[in-house]
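Engineer: What follows is the residue order along each chain.
Number of protein chains: 2
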Amino acid sequence: MSLDNRAQSPAGKPHERLADYLSDDMDAVNRLIRERMASRHAPRIPEVTAHLVEAGGKRLRPMLTLAAARLCGYDGPHHIHLAATVEFIHTATLLHDDVVDESERRRGRPTANLLWDNKSSVLVGDYLFARSFQLMVEPGSLRVLDILADASATIAEGEVLQLTAAQDLRTDEAVYLQVVRGKTAALFAAAAESGAVVAKAPDDQIAALRTYGDALGISFQIVDDLLDYGGASETIGKNVGDDFREGKLTLPVIKAVARASAEERAFWERVIEKRQQREGDLEEALRLLHRHGALEETRQEALAWAARAKAAVSELPPHDLRDMLSDLSDFVVERIS
Amino acid sequence: MSLDNRAQSPAGKPHERLADYLSDDMDAVNRLIRERMASRHAPRIPEVTAHLVEAGGKRLRPMLTLAAARLCGYDGPHHIHLAATVEFIHTATLLHDDVVDESERRRGRPTANLLWDNKSSVLVGDYLFARSFQLMVEPGSLRVLDILADASATIAEGEVLQLTAAQDLRTDEAVYLQVVRGKTAALFAAAAESGAVVAKAPDDQIAALRTYGDALGISFQIVDDLLDYGGASETIGKNVGDDFREGKLTLPVIKAVARASAEERAFWERVIEKRQQREGDLEEALRLLHRHGALEETRQEALAWAARAKAAVSELPPHDLRDMLSDLSDFVVERIS
Numbered sequence: 001m002s003l004d005n006r007a008q009s010p011a012g013k014p015h016e017r018l019a020d021y022l023s024d025d026m027d028a029v030n031r032l033i034r035e036r037m038a039s040r041h042a043p044r045i046p047e048v049t050a051h052l053v054e055a056g057g058k059r060l061r062p063m064l065t066l067a068a069a070r071l072c073g074y075d076g077p078h079h080i081h082l083a084a085t086v087e088f089i090h091t092a093t094l095l096h097d098d099v100v101d102e103s104e105r106r107r108g109r110p111t112a113n114l115l116w117d118n119k120s121s122v123l124v125g126d127y128l129f130a131r132s133f134q135l136m137v138e139p140g141s142l143r144v145l146d147i148l149a150d151a152s153a154t155i156a157e158g159e160v161l162q163l164t165a166a167q168d169l170r171t172d173e174a175v176y177l178q179v180v181r182g183k184t185a186a187l188f189a190a191a192a193e194s195g196a197v198v199a200k201a202p203d204d205q206i207a208a209l210r211t212y213g214d215a216l217g218i219s220f221q222i223v224d225d226l227l228d229y230g231g232a233s234e235t236i237g238k239n240v241g242d243d244f245r246e247g248k249l250t251l252p253v254i255k256a257v258a259r260a261s262a263e264e265r266a267f268w269e270r271v272i273e274k275r276q277q278r279e280g281d282l283e284e285a286l287r288l289l290h291r292h293g294a295l296e297e298t299r300q301e302a303l304a305w306a307a308r309a310k311a312a313v314s315e316l317p318p319h320d321l322r323d324m325l326s327d328l329s330d331f332v333v334e335r336i337s
Numbered sequence: 001m002s003l004d005n006r007a008q009s010p011a012g013k014p015h016e017r018l019a020d021y022l023s024d025d026m027d028a029v030n031r032l033i034r035e036r037m038a039s040r041h042a043p044r045i046p047e048v049t050a051h052l053v054e055a056g057g058k059r060l061r062p063m064l065t066l067a068a069a070r071l072c073g074y075d076g077p078h079h080i081h082l083a084a085t086v087e088f089i090h091t092a093t094l095l096h097d098d099v100v101d102e103s104e105r106r107r108g109r110p111t112a113n114l115l116w117d118n119k120s121s122v123l124v125g126d127y128l129f130a131r132s133f134q135l136m137v138e139p140g141s142l143r144v145l146d147i148l149a150d151a152s153a154t155i156a157e158g159e160v161l162q163l164t165a166a167q168d169l170r171t172d173e174a175v176y177l178q179v180v181r182g183k184t185a186a187l188f189a190a191a192a193e194s195g196a197v198v199a200k201a202p203d204d205q206i207a208a209l210r211t212y213g214d215a216l217g218i219s220f221q222i223v224d225d226l227l228d229y230g231g232a233s234e235t236i237g238k239n240v241g242d243d244f245r246e247g248k249l250t251l252p253v254i255k256a257v258a259r260a261s262a263e264e265r266a267f268w269e270r271v272i273e274k275r276q277q278r279e280g281d282l283e284e285a286l287r288l289l290h291r292h293g294a295l296e297e298t299r300q301e302a303l304a305w306a307a308r309a310k311a312a313v314s315e316l317p318p319h320d321l322r323d324m325l326s327d328l329s330d331f332v333v334e335r336i337s
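If you read the sequences in order, they're chains A and B. Per UniProt numbering, the first sequence starts with residue 1, numbered consecutively. Per UniProt numbering, the second sequence starts with residue 1, numbered consecutively.
Everything hinted at is true.
DSS-like, lysine-lysine: derived pairs with alpha carbons at most 27 Å apart:
no., chain 1, residue 1, chain 2, residue 2
1, A, K119, B, K274
2, A, K119, B, K119
3, A, K310, A, K200
4, B, K58, B, K248
5, A, K310, A, K58
6, B, K200, B, K310
7, A, K248, B, K119
8, B, K119, A, K274
9, A, K119, B, K248
Rather than coming from a laboratory, the hints here were simulated on the basis of the structure.
Let the sequences and hints guide you as you build the complete structure.
Structural biologist: Structure below.
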């Protein structure tokens, strides 16, 4: 099955080619996820988890683990556990994020906190987090445990930092990067690194895969934040301005604030810090972002991080999966290139 | 210092004698907790954590780990990490519990969710949980990791189970026990067991300490639930009825429901499942609890679990700490004896 797919879709999107190539492994990961999200005692747990897990999503993070392990020549069983661990950690953070952000939609469906309640989302998130640690203990690698425990702490730290930093105009690019590492890059990096570690790859390959995951994750998040202002082109698209309306400070605004006149600064204080927004403010914000070249500069940074990801995988030995990961770093910035 | 205290307070309460005996170890645990609850990037984290950690509490759980390790002859450094781990897990669950229960007071002070917000409590709880896993990886014992990861999953499962079971009259004693193991006993058991494991104690001693922690925790929680109805005596004290007013099904009510007439069952359905309570309902509930001997039977169960805890430690070799743990199992049921 997966061999056929591999042959038939050489020109598909890189994450689809990865999914085809790794389809047997991903099937095993999905089986393990379904098995471990069950609970003998509390039926609420699989209800909530199934709602989120079965909504799909690209499963990029577990695929990174599987791809890293396979391209480092691993043929044991433990990458399956680690990939499921990574997906459980990701799912747990989504559940808690939706409570924190009071979100009502995720992946086109109502969120768990809306369908059940905040209590269920908090506690089922805790359950998945605990299950992820049970899963990661099974392969018996202390080095992998170290990597994933560190990633979990960085994720939580980044989320707390965002609580205070996202509405504070003093937030600079270093703090933004720290938040982005927590929100996105830490788990991408740990996912790729742990796959290489379980494969007992040489240290330089492990480091290259970690760098790849980190840079890919950062690029991914910057693109997201840029597209929320419609990208770097002057044409304003649809679905623009969610971050702005939430008063969330992202890289484009940080750059514009750094170059703001006194009058412009007063504008940003009103709309971001005080969240007193009125008709026409989003248009004014976009005008300022363009005037200071903030969107174009943000775009350049996303491209630079994608290039760093690409350079990191180029250090690995030749392999179909290496090429797919390389293409994936292009794909992440495709919408802004 | 600790030696003087040891000599001076032979007749103190058992947890105070444990604290005196283990004071050097507990100082090291407290230093490690303060060090690890810091965050270079997110100052909100130590603010929230300090509020809870410095409010005190008896620190029973980390003391169980220290006592178990010491009485099994351990003289290495790792029991300190494990005791801090256990306290971090406990603190993380308290933060999330207060969000779930919408509590406003904890240990006589306003809760973190009241002082800051639910978001901070959820995310700082996640941070502490991740930090606890970092801490428990450091001693490098996969067996300990297994024990603590399992305990974390049991805790979360018990909390989710309680969400649905606590207002459902079909909840039986087996489900109640499962909830209590999650809420209280799982961490007591893991705390004691992991201390023995890090000391490389023989398997029968490890098992005895696990059984002790489990039985002590169950007894502790049943006493709490019993005292919420004023204990087994006919005199009604103050501060009675919190669980009743919250419509929370605990062991006394489960026993009364099991023997209820049709009319009594309708009463329980109204006050617990529908939470339609009026003047005089608590008095009626107490009358039914006494009529069916539910409070006396609950009291007997608490005593039986305490006796099981006592019997378990009696299998350990003679040691001052063993005697203190034995006394602790008496102390837990002192208020209902």
